[in-house]
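Given the sequences, and given the hints that come with them, work out the whole structure.
This note's numbering puts the first residue of the sequence shown at 3, with every later residue one more than the last.
The set of hints was computed from the structure by calculation and includes no laboratory data.
Hints may be right or wrong, so weigh each one.
[What the hints assert, rightly or not] Keeping only pairs whose Cα atoms sit at most 25 Å apart, straight-line, the calculated SDA-like set for lysine to any residue is: (1) K26 - G52; (2) K26 - P124; (3) K26 - A144.
[Unchecked claim] Restraint-style ranges between C-beta atoms, simulated for each label pair: (4) N114 - G70: 23 to 33 Å; (5) G43 - A22: 19 to 29 Å; (6) G71 - V145: 14 to 24 Å; (7) A22 - R125: 36 to 46 Å; (8) A29 - G139: 17 to 27 Å; (9) S21 - T123: 35 to 45 Å; (10) G52 - L121: 12 to 22 Å; (11) T111 - K26: 15 to 25 Å; (12) A73 - R20: 26 to 36 Å; (13) F19 - D131: 41 to 51 Å; (14) S76 - N12: 16 to 26 Å; (15) R135 - G74: 24 to 34 Å; (16) S77 - D126: 32 to 42 Å.
Computed from a predicted structure; not experimentally measured.
Positions of the beta carbon are idealized from the N, C-alpha and C atoms, including for glycine.
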Amino acid sequence: MSNATNYLENHWIDHQFRSAPYAKPTAAWVALYTAAPSDPGGGTEVTGGGYARVNLPPLDTNWTATQGGVAGASSGTSGTTTNAVIVTFPVPSADWGTVTAVAIYDAPTGGNPLVWAPLTTPRDIKAGDPAPRFQPGTLAIAVA
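Below, the structure written as structure tokens:
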């Protein structure tokens, strides 16, 4: 289950129920963490060793509709979207540590965190390991 950050919750509420406009981000940058963030932010993002966030733009071809698949507007009841394509990080050139969480940002560095979630199975990533990846359907964002 994913968690919306305070940043996203506040902007969504102000846009949906108040008078503030909110422009959807044009990019969705997937980040890895060795210490999970929380709704206000924080946590410890992986650094060094060739690490970089991966852009998975908010497009129908990259994210499933709530009923599954990438065709048409969401009409399902799950309140969940998942990655429709493989998300592949660079090959680590140094140890990244044990990755315990993932987050999505609106920028390749810095920026605003939108959602985050702990990994079901943390993974210790070492120099020279194969490029870490999320297979289609394994990176889920749920609105509950």
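Taking the hints in turn, this is what the structure says about them:
no.	hint	result
1	K26 - G52	violated, 29 Å
2	K26 - P124	violated, 30 Å
3	K26 - A144	holds, 17 Å
4	N114 - G70: 23 to 33 Å	holds, 29 Å
5	G43 - A22: 19 to 29 Å	holds, 20 Å
6	G71 - V145: 14 to 24 Å	holds, 18 Å
7	A22 - R125: 36 to 46 Å	holds, 39 Å
8	A29 - G139: 17 to 27 Å	holds, 21 Å
9	S21 - T123: 35 to 45 Å	holds, 44 Å
10	G52 - L121: 12 to 22 Å	holds, 20 Å
11	T111 - K26: 15 to 25 Å	holds, 20 Å
12	A73 - R20: 26 to 36 Å	holds, 33 Å
13	F19 - D131: 41 to 51 Å	holds, 45 Å
14	S76 - N12: 16 to 26 Å	holds, 23 Å
15	R135 - G74: 24 to 34 Å	holds, 27 Å
16	S77 - D126: 32 to 42 Å	holds, 40 Å
Comparing the model with each earlier hint shows violations of hints 1 and 2; every other hint is respected.
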